[in-house]
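Trainee: Letter by letter, the chains look like this.
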Amino acid sequence: MNVELEPVIGLEIHVQLKTRTKMFCSCALSFGEEPNTRTCPICLGLPGTLPVTNAQAVHFGLMMAMAFDCEIAPKSIFHRKNYFYPDLAKGYQISQYDIPLCSNGRLGDVRIHRIHLEEDAAKLVHEGASGRIHDSDSSVVDYNRGGTPLAEMVTEPDLRSAEQARDWLNLLRVTLRQLGVSDVNMEEGSLRCDANVSVRPRGSSELGTKTELKNMNSFRFVMQGINAEIARQTALVQAGEPVVQETLHFDPVTGRLSSLRSKEEAHDYRYFPEPDLVPVAPTEAMLERARTAIPELPAAREERYGRDFSLGGDTARLLAYEPQFGDYFEATTQEATAGVSPAVLANWVTELRTRIGASSDPAESKVTPDALAVLAALVTERRINASAGRQVLDTLVAEGGDVAAIVEREGLAAMDSDEELAGIVKAALEANADAAAKVRDGNAKAMGPIVGYVMRETKGRADGGEVGRLVREQLGI
Amino acid sequence: MTATELVGLTAAEAIGRIRAGELEPAELWSAYQQRAQADDLNAYTWVADADAPAADPAAPLAGVPVAVKDLFCTEGIPSQAGSRILENYCPPYTATAIQNIYDAGAPLLAKTNQDEFAMGSSNENSAYGPVLNPWDRARVPGGSSGGSAAAVAAGLAPWATGTDTGGSIRQPAALCGIVGFKPTYGAISRYGMIAFASSLDQAGTFTRDVTDAALLLEAMVGKDPYDSTCLGLPEPVQPPTATDLRGVRLGVPEELSGEGIEPGVLAAFERTLDIARDLGATVESTHLPHAAHGLSAYYLIAPAECSSNLARFDGVRYGMRVDDGGGLLDMYTGTRAAGFGDEVKRRIMLGTYALSSGYYDAYYGRAQKVRTKISEDFESAFSAFDFLVTPTSPGVAFELGAKSDDPLAMYFNDFCTVPMSLAGIPALSIPNGTAQAPGGSSTELPTGFQIAGPAFSENKLLNAAYALETALAFDSSPAREAS
Amino acid sequence: MLSSDQVLHVARLARLELTDEEVTRMGLELSNVLDHIEKIGELGELEGVVPTSHVVELENVLREDSPHQSLSPGVVLASAPDPAPGGFRVPSPGTS
Ligand SMILES: [Mg+2]
Ligand SMILES: [Zn+2]
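Residue numbers (the working numbering), protein chains in the order written: chain P, 1 to 477; chain F, 1001 to 1483; chain C, 2001 to 2096.
The following block holds chain P by itself, in its conformation from the complex (with noise of 0.2 angstroms):
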């Protein structure tokens, strides 16, 4: 049997919200704390304790509702979700269930099936991991993180490749972090995602049976285990062999994913509506704050720079998923002087992000969107050269400072005079003459020391178009 077979893919994705208290209790969150300082009665579970719902949370989830054009419930409630494990420490955790927040949304191609919220989990650590090896059947609960605001987001399979689930995440990610809802950061576990893997023959619209994905913390392991599950899938419908409805644990040390079937029984939830919460109904003033607190998404600016300053995809995109950038981009916009187009500036920005990294804010920075601007327009108009451009760009990192006075301090202006290069052009004619000829007979590579002896005499003010021309030119060619 050999027919050809299509991936189906879906995503589950937790996303911890960037709260300053907890889901239900007033602790600060938790980064990196001496182990449950970060707690409290209702985090503890103590008896007696009650949860009370976080307003911000409940805003933020509004807030990605809209962002993801989702319908929003009119009345949503939590439910308990019942099982025993350490890092719970009521036993069940809060979440909704048969009436989420939101659900029938959309981010670039891909379907939302549904938002909802929740609390996270505390951390269990194993306590051979923190030296005590005589005891290494023994875990320790630390509560910091547990109640910690969750979104989950549920998307339906619309996904067909391993590399577009990782650009999707990646929109994702850069969409919540404008929202500004959450750090969204897959090593530390502020988004988390596992993956729906199912294989069909190409052109069926039936489903087949899906396994389930999960621990891939960083968007390489999100390839490389939705890859491994393809290529495992694959084989055995390829082999005749049924798929079976698993949950499977990817090994980021040997990129394998095993089976997380246990001896335990078959999970039952024992779901039923939370009695001490009440429903969460969005009144329009909830709604009006958070449609009012949407900035520009990142989907919508890449269209924008495309539409308005001709920015190539790969740079529009860029600005546009890396918002800091972006509005650096924008600033030098308003700075800059006519003549210097926009995908100049761009450029120049990629310049700076690269020398200052890309997580850093370039407003941050001690280089101005105005020197910036200033910088591009000498370049644009020949004043200097590129080169000698990036030199300058590299001193305003280090030290800031106005940008003529570093041309002028450096001695970068270009040549003004054309009749002094030429001289000097002559001059290096005159010194290469075994080059010179080599370029007269056609070969161009033979240019590289008469305008290597161009640069040197010019302390690399010259223009290198300029000098190829006049060698062309003074050659006859």
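Quick caveat, the hints were computed from the structure, so don't treat them as lab data. Small disclaimer: the values here were computed from a predicted structure and weren't measured. Please note: incorrect hints may appear among the correct ones.
What the hints assert, rightly or not - Under 8 angstroms between C-beta atoms, here's a sample of chain C residues computed to sit facing chain P:
hint	residue
1	S2070
2	G2074
3	S2092
As the list claims (entries may be wrong) - Take a look, some chain F residues computed to stay more than 10 angstroms from chain P by CB distance:
hint	residue
4	T1241
5	R1271
6	A1402
Heads up, the beta-carbon is just placed ideally off N, CA and C, and yes, glycines get one too.
Here the structure of chain P is known, so what remains is to put chains F and C with the ligands in place on it, guided by the hints.
Mentor: Only chains F and C with the ligands this time, still in chain P's reference frame:
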């Protein structure tokens, strides 16, 4: 005043004397502390051993001490909920309702014994032993707040808090001959009250009379930022003053006042209806068509919620642990097997089953619908009546052990009180006489008269109860004198 | 009538260890109670009836997102059956 005279005062009387400078709060404290320390009803699981705390005579409760059901968390003081699994557990915080009482000027005298996690109607399900009824020590005080009821009846405390999920205040109040008040669901914060069935649990009061109930209730009620389901009351609780029941329409639901009620209890009930008529009330029979199914709905909803609420007792963060080295699952099952008593296990099993996959709709889901029907029954009854009245308990106090092997018979104790809990409406029990237990006993035992009103009708309810109480003139002193 | 297997399944979900005697007794008692409770089945069609999960008609009870003081570590672990430097020690889930 002698100590006996002191403990004969109602709380309101004591407050009056303190305010008038005729009584030192410390005297009252010592008198009650001595009686509490000599408690031989097993009503208490903890008694304060400190000297009288400083008291402010101008505070609403003027330093009159209070006994608190052990289901309420009290910071640094054992809060064991009648369970072995919480033996010696001292919480790091105090329940809002109790903090409110402290803030109103009443110090904590003692913690009262109770059925384990409030599951029971006889107080025989306590890991700390049964509580005895001060009217007859061979009999139960009712439950689950049996310790609070017995303590107040026996004069071991001027008043006490309780919790009522399906009758746990009203039924023991009836069996001990005192006043028990369960207010509207949401009037008093549940924060710090160890949960049994969250959608039903409501704190309330045990007092000698209706005036004291109003006083203690006013101290306890109020919105709480720590309880999403707490509303407080729309207006302050006023001391009741009504002297008659003119214009008051009383409805007697046939479903809750006939079959299954002991003849002596029914006779007392009828006599009270006569008194109500004498006071000017109209009395008519009415129907709560779904009330008979209240017990069934209750015994699905409450166990389902408790099975989840009690999942936190897992031997990890607090409470007892049994670990014989067999791993996590063994630690869980061993701890819970050793920590919970039979009744708690039975209800956890029942609730887990009712919620488990495939049964939800038939059991829990259906019970919640019955609950809606019962609420609708009450709503339509209250369009014709100001209050509905029933016997509080189908019987008088029964002998220790009489029903412990028959869960169904035990559950029937809540027959008259459960429908009000399901509807979340306020209901109060006042002592309305005595009756002989069935089976030829000659001992006279108290009976209770339940008055239920629409949500948030607390002030009217207290007034009606006060008028009746005054006319009934029930003598509660035998229980105090026997102790 | 609940079978022993059903009783044991429910006990496992509830993390309760039952003796053989308890399994038998629990099966009987639960069956008795359920037989009685099942009378709510006689109520006929309740299709369309909205289930009551709250008697209070409240919505949007929300808390402001401002932090409070958390408990001090000594208090957190004060009642722990097996406190460890890093938190609450439990038998490893892996060995269960
Ligand atoms: Mg989830
Ligand atoms: Zn907390």
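Trainee: It remains to establish, for every hint, whether it holds in the given structure.
Mentor: Each hint, compared with the structure:
Checking S2070/C against chain P: minimum C-beta separation of about 5 angstroms stays under 8 angstroms; hint holds. Taking 8 angstroms as the C-beta contact cut-off toward chain P, the hint placing G2074/C at the interface is violated, the least distance being around 10 angstroms. Here the hint on S2092/C is kept, as its CB sits about 5 angstroms from the closest CB of chain P, short of 8 angstroms. Non-interface call for T1241/F relative to chain P: holds, since the shortest CB-CB distance, roughly 36 angstroms, exceeds 10 angstroms.
A cut-off of 10 angstroms between C-beta atoms confirms that R1271/F is not in contact with chain P; the least separation is 39 angstroms. Non-interface status of A1402/F relative to chain P is upheld: no Cβ of that chain comes within 10 angstroms, the nearest being about 31 angstroms off.
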